[in-house]
Amino acid sequence: MNEALLKDKAKAIRRLCVESSARTNSSHLGCSLSMADLMSYLFFEKMDAHEDSFILSKGHAAIGLYATLYEKGTISKKEYESYHANGSQLLAHPNHFVKGVEVSTGSLGHGPAIAAGLAWGKTMDGQPGTVYCLLGDGECQEGTVWEALIFISRNLFNNIVLIIDVNNYQGFSDSSDSLFAHEKMLLMLKGTGLDVREIDGHSFEEIHQALLDPLDRPRILFAHTIKGKGVSYMENKFEWHYKSPNPEQLAKALGELK
Amino acid sequence: MRNTVARKIAEYAGDGKHFVVLSADLGYSVFDNFKEEYPDKFFNAGIAENTMVGVAAGLAMTGKKVYVYSIASFIAEKCFEQIREDICYPGLPVILMGTGAGFAYGEAGVTHWANEDIGCLRTIPGLTILSPSDPVELDMLLDQSMTYKSPIYFRLGKNGEKSFCTNKNLKIGQAYYLEQEQDIALVTHGNIMEEVVKARDLLKKEGFNVSVVSSPTIKPLDKPFFVELAKTHQNIYVIEEHSEIGGLGDALSFLGVKQIAIKDEVLNVGGSVAYLRQLSGIDADSIAKKVREDLL
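In order, the protein sequences belong to chains H and D. This note's numbering numbers the first residue of the first sequence as 1 and each following residue consecutively. This note's numbering numbers the first residue of the second sequence as 1 and each following residue consecutively.
By construction, these hints were calculated from the structure, which means they are not laboratory data. Bear in mind that the values here come from a model prediction, so they are computed numbers and not experimental data. Please note that the accuracy of each hint is not assured.
Unchecked claim - Calculated pairs, BS3-like style, for lysine-lysine (alpha carbon to alpha carbon, straight line, at most 27 Å): (1) D:K35 <-> D:K17; (2) H:K99 <-> D:K65; (3) H:K99 <-> D:K149; (4) D:K149 <-> D:K223; (5) D:K289 <-> D:K205.
Model the full assembly from the supplied sequences, consistent with the hints where possible.
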C-alpha cells in the first residue's frame, strides 16, 4: 500500500467535493468528505476496474463518487464539471448512465440487495471479482438493509464487502447514534454471523488490514468516520449535510486541504 | 395459470444455463416439482419481496435471465420503488410474475387483492405490462419473455381460468378479436374474460351482436388496433378487474371508451371472487345490464 499516494488522492477528492459544492451551491458535502479516505483506498489501492464492482448505496454522497471517478480518469474534466447543471447526467445521486457508475442509487436501502444479486451472479458463473457496497450509518435505519443482510447471511456467496460509513450524522441535528445506537447496530450486524470488523475509516492502515485477508464469508466494515473530515469548521457539524461553502469558507477549506 | 407458469419455466430451465427463478416464499404447490428437478435454478428468497427484486436486478446485471414470483400486490405495490429504480431505470430484462390478479384472492381481503397494480406500474417508463386472460395466451407470451430485452410484469390469474383464446400467434403488443361484429365492443384483459364472454352470450340472446376484444398487452398499448376498432364501433366498453383509475380503460380514454371497472371506493368487505365481481358491478350480468341500459 502506498499510503502517501492514497492520502494525496483523498485530499484531491475532498478538494474537488468542496469546490463543486461551492460552485453549484449543492448539499451533501459532509458525507462526501467522511467517505473520502475509504473511496481513495477502494479506487486507488483495492479494486480492479475490470473485475470488481462498486455500489454507492448512500447515493446522496454522489459528488464524492464523481470526484473519485474524475481523479481516477474514468470521467473527463468536462463531464465532471457538468455536475448539477441542467441536462447533465451527473446528478446529485449516482446515475448509471455515467461511465464508472454501475448502479443508480438515491433512495436509501437499495444497494445491499443489488450488491447481493451481483455477487451471487458472479459466483454462479465463477466470475472473478468482489462487490463493494458503501452505506451510511443513517441508511441502516432502512428495513431493506436488514432484509438484504438476512439474504446475504445465507452464505450463497463470499465475494461481497459492505462498508458502513459511520459518520454519525444525518438529516437533523440528532446524531445517528441517538436514532439507532451504534452499539445496538453492531450487535445486530454481528448477529448475522457475517465477518464484522470495526475500524477507523480514516486510517489507511486499518482499512488495509481489514481487507487484506481473503474473504471466507461476506464481510462488513463498520468504519467510524468524521462527517466533514478534512475541513476543520465542517467536522462533526451536521449542517454541512446541507450547506455549501461561500467564497471565504471555500478559500479556508482549500487552504486546509493543501 | 400458475400451472402453465410452472410447466413453461421447467421447459426453459432445461436449456437455459443463465436461468434463475426467485420466489418470495410462495408457490409451494406450483414450483415444488421444479425445485426438486432444478435445485440450482430455483431459490426461495424468503419473505422479503423488496430484497428479492433488488437481488434480481443484481443477477440480471451479470447476464442471468431472472423470473421473480410472488403475489401480484406484493410485487407491484410493495416493490414499486425497486421496480422503478433497480429494474426499469437500467432496463434490466427481469420478468416479474404476480399471481392473484384483481379479486383472485377474494376472501383473503384487501391486502391480497391487486386492483391497483396496473395503475401503479403503467407510470414506469420501459416496463411492459401483460395481463393474459387464459393459459393459452400466457403460454405464447411467456415464450416471448425468454428472449425479451426489457422488463415485463405479468399479471396472472390463479383460479383455473378457462381458455377462450383463438389466436394461434399472439405477440406481445397485440390486441385481437375473439369475436368480430360491429358497433358494440367489449374490450378486456386478464382473468375476467369468462365474465365478458358470458355477457356477450347474454347480449347475443337478446339480439345484440357485440365484438369481444382481448388485450393481454396493457403496455405498450396496441394503438393502431384500437384506432381501427373505434372506426367500426360506436360503443366501446372496457371491462377490467382493476380500479377504474389507471387501467386499460384509462389508457384508452382518448377513444372515449366507457369503463366497467372497480369503483374508486374503499371496499371493506370480502368474499368469493364471484361475490366481489357482482358487488363491484363487473360480473356478466352487470356488464350485460350496463350495455343494455345504455343502448335501449
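**Item:** Structure versus earlier hints, numbers of those that do not hold, lowest first
**Value:** Hints that this structure does not satisfy do not exist here, as all of them hold.
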